[in-house]
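So the sequence shown is numbered by our numbering: it starts at 96 and just counts up by one.
These aren't lab readings, by the way, just hints derived from the structure by calculation.
A portion of the hints provided could be inaccurate.
[To be verified] Listed next, the in silico EDC-like pairs over lysine to aspartate or glutamate satisfying Cα-Cα at most 16 angstroms (straight line): (1) 402 x 554; (2) 517 x 403; (3) 177 x 214; (4) 223 x 310; (5) 263 x 182; (6) 524 x 344; (7) 181 x 248; (8) 402 x 553; (9) 181 x 255; (10) 418 x 554; (11) 249 x 207; (12) 521 x 404; (13) 177 x 207; (14) 231 x 182; (15) 181 x 207; (16) 521 x 403; (17) 181 x 191; (18) 231 x 207; (19) 462 x 310; (20) 229 x 255; (21) 177 x 256; (22) 177 x 191.
Please read these numbers as outputs of a predicted model, since none were measured by experiment.
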Amino acid sequence: MYDTVVNFLNQSGFGQFQWGNGVMILIGFLFIYLAIAKRFEPLLLVPIGFGILIGNIPYDTRSLSLGVYDGPTSESDLHYYKVVKKEQEGSITLLESSVAYHSNQEGKLALETGIEKGEVIIVNEHVKLTYSGKIKDPSIIDIGQGRRIYVSEKQILANEELVKKGEKPNNRYPVIIQPENQEVANAGFFYLIFQGVALGVFPPLIFLGVGALTDFGPMLSNPRTLLLGASAQIGIFAALLGALLIGFDIKEAASIGIIGGADGPTSIFVCTALAPDLLGAVALAAYSYMAMVPIIQPPIMKALTTKEERLIRMDPPTDVSRKTRVVFPILGFLLTAFITPAALPLLGMLFFGNLLRESLVTDRLSKTAQNALIDIVTIMLGISVGAKTQAATFLTWQTIGIFAMGIVAFIIATACGVLLAKFMNKVSKKPINPLIGAAGVSAVPMAARVVHNVGQKEDPHNFLLMHAMGPNVAGVIGSAVAAGVLLSALG
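With the hints as extra help, turn the sequences into a complete structure.
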């Protein structure tokens, strides 16, 4: 009886608990608090915050398949190694030797027999976990909660070279999985939900809803605002360069840079394709900065503009004909898709959703996309992305770098929009309030609302909301096109 109770407690969340789980649970609490108490984008932060709680309930992965990581992965990500064990030192199994196993030469039966005997291990190169302890020899390390990592001689030598150059060693190591992990029947519920993210299904569906909700009228009535939306994308490429400088590779840097577009679905779409192991941190950074638009943007806007500029009143937007509204999503899609075919899923769904709205003959489809569909997908996306942020993969120095570069990208994007609007005032007879340049990021409609609120504080009778919606919706198109450029170049 005593042994049964002890075994139960060891297998429970209390027995498997690690300090990282506590930190991530506190972060989940913070997201939920900001959403409910401070009203920071509750439709996004409540699902993500609760997803973080779900993803950080500790359990033994050897006996339970519950999380987004607990399911089959592509065979191309798996490597097999024959290992000769040397000795056991606590949680570390030192290896005398480890060599790649070539199943085409030695046969499937020999492989299965080797796995059963523990002479062959399956290494998933797609998922890497952080281990900060000192490692001198090739080894298998049990890091708790049933997770084991494989440290190869090749990586040890590579880290020694990095240290000699004065650089930080790579302390992320691939995980060892069990054969049963490759069976879909053993996959967890949250793994199956997460496939909507991993397979690139959820972001385009979000764009379908965004397209159905978006009125491109303010942009079409003042086409100059397209340039403001485009200029804000400079932040993406500036952050990409910054991420390269602090040690990320080009694909990781591109995934981090896209945060500057302040567009969660686009960030997820790009990161899934280029650097899936960074997805949790990138998605969390993107949605965090989207929620904090009212905090981040006003100081930048005020620092770059004078009081006289903030008081500028713009001519009311002109009416846009129904014909123009219907033709725009068709021609806009063809033009942008031909420029960046890699962004076809995002652009196609965005403009299709807008056509449903503007055609006035598909009211039921438009309302479904605007309400039920986007709400359901937002719940699934938020929960699964939150659950992706398990402590073992999230609490790393890389995450700090991602958040730092993300805020840099967002600041540069905001500043570029404002500065271009100021420049346009110098060369144009029609005045533009430079505040609307800050709405060039694609956080719709949060950025436009912030511009309006800042303008109202200077002049309560100056209504900038509809003017700011022009660059705001242009930013949605701009971020999708920027994503396509990155995917075309690096995918």
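Quiz item: Given the hinted pair residue 177 and residue 191, is their alpha-carbon gap at most 16 angstroms?
Solution: 11 angstroms, holds
Quiz item: Holds or violated: are the alpha carbons of residue 517 and residue 403 at most 16 angstroms from each other?
Solution: At roughly 12 angstroms apart (the allowed maximum being 16 angstroms), residue 403 and residue 517 satisfy the hint.
Practice problem: Measure nothing beyond the straight line between the CA atoms of residue 524 and residue 344; if it is 16 angstroms or shorter, mark the hint as holding. | Solution: 45 angstroms, violated
Quiz item: Is residue 177 within 16 angstroms of residue 214, Cα to Cα?
Solution: 6 angstroms, holds
Quiz item: When you check the alpha-carbon spacing of residue 181 and residue 248, does it fall within 16 angstroms?
Solution: Cα-Cα ~14 angstroms, so holds.
Exercise. For the pair we were handed, residue 177 and residue 207, check the Cα-Cα distance against 16 angstroms.
Key: 12 angstroms, holds
Quiz item: Taking 16 angstroms as the top limit, are the C-alpha atoms of residue 521 and residue 404 close enough?
Solution: 12 angstroms, holds
Exercise. With a cut-off of 16 angstroms on the C-alpha distance, tell me whether residue 231 and residue 207 pass.
Key: 30 angstroms, violated
Quiz item: Between residue 181 and residue 191, is the straight-line Cα distance small enough, at 16 angstroms or below?
Solution: 5 angstroms, holds
Self-check item: Restraint check for residue 263 with residue 182, where alpha carbons must lie at most 16 angstroms apart
Solution: 29 angstroms, violated
Quiz item: Are the Cα atoms of residue 229 and residue 255 separated by 16 angstroms or less?
Solution: Holds - the C-alpha atoms of residue 255 and residue 229 are around 11 angstroms apart, at most 16 angstroms.
Self-check item: Hinted pair residue 521 and residue 403, Cα distance within 16 angstroms
Solution: Given pair residue 521, residue 403 holds - Cα atoms ~14 angstroms apart, limit 16 angstroms.
Consistency note: the structure conflicts with the earlier hints numbered 4, 5, 6, 9, 10, 11, 15, 18, 21.
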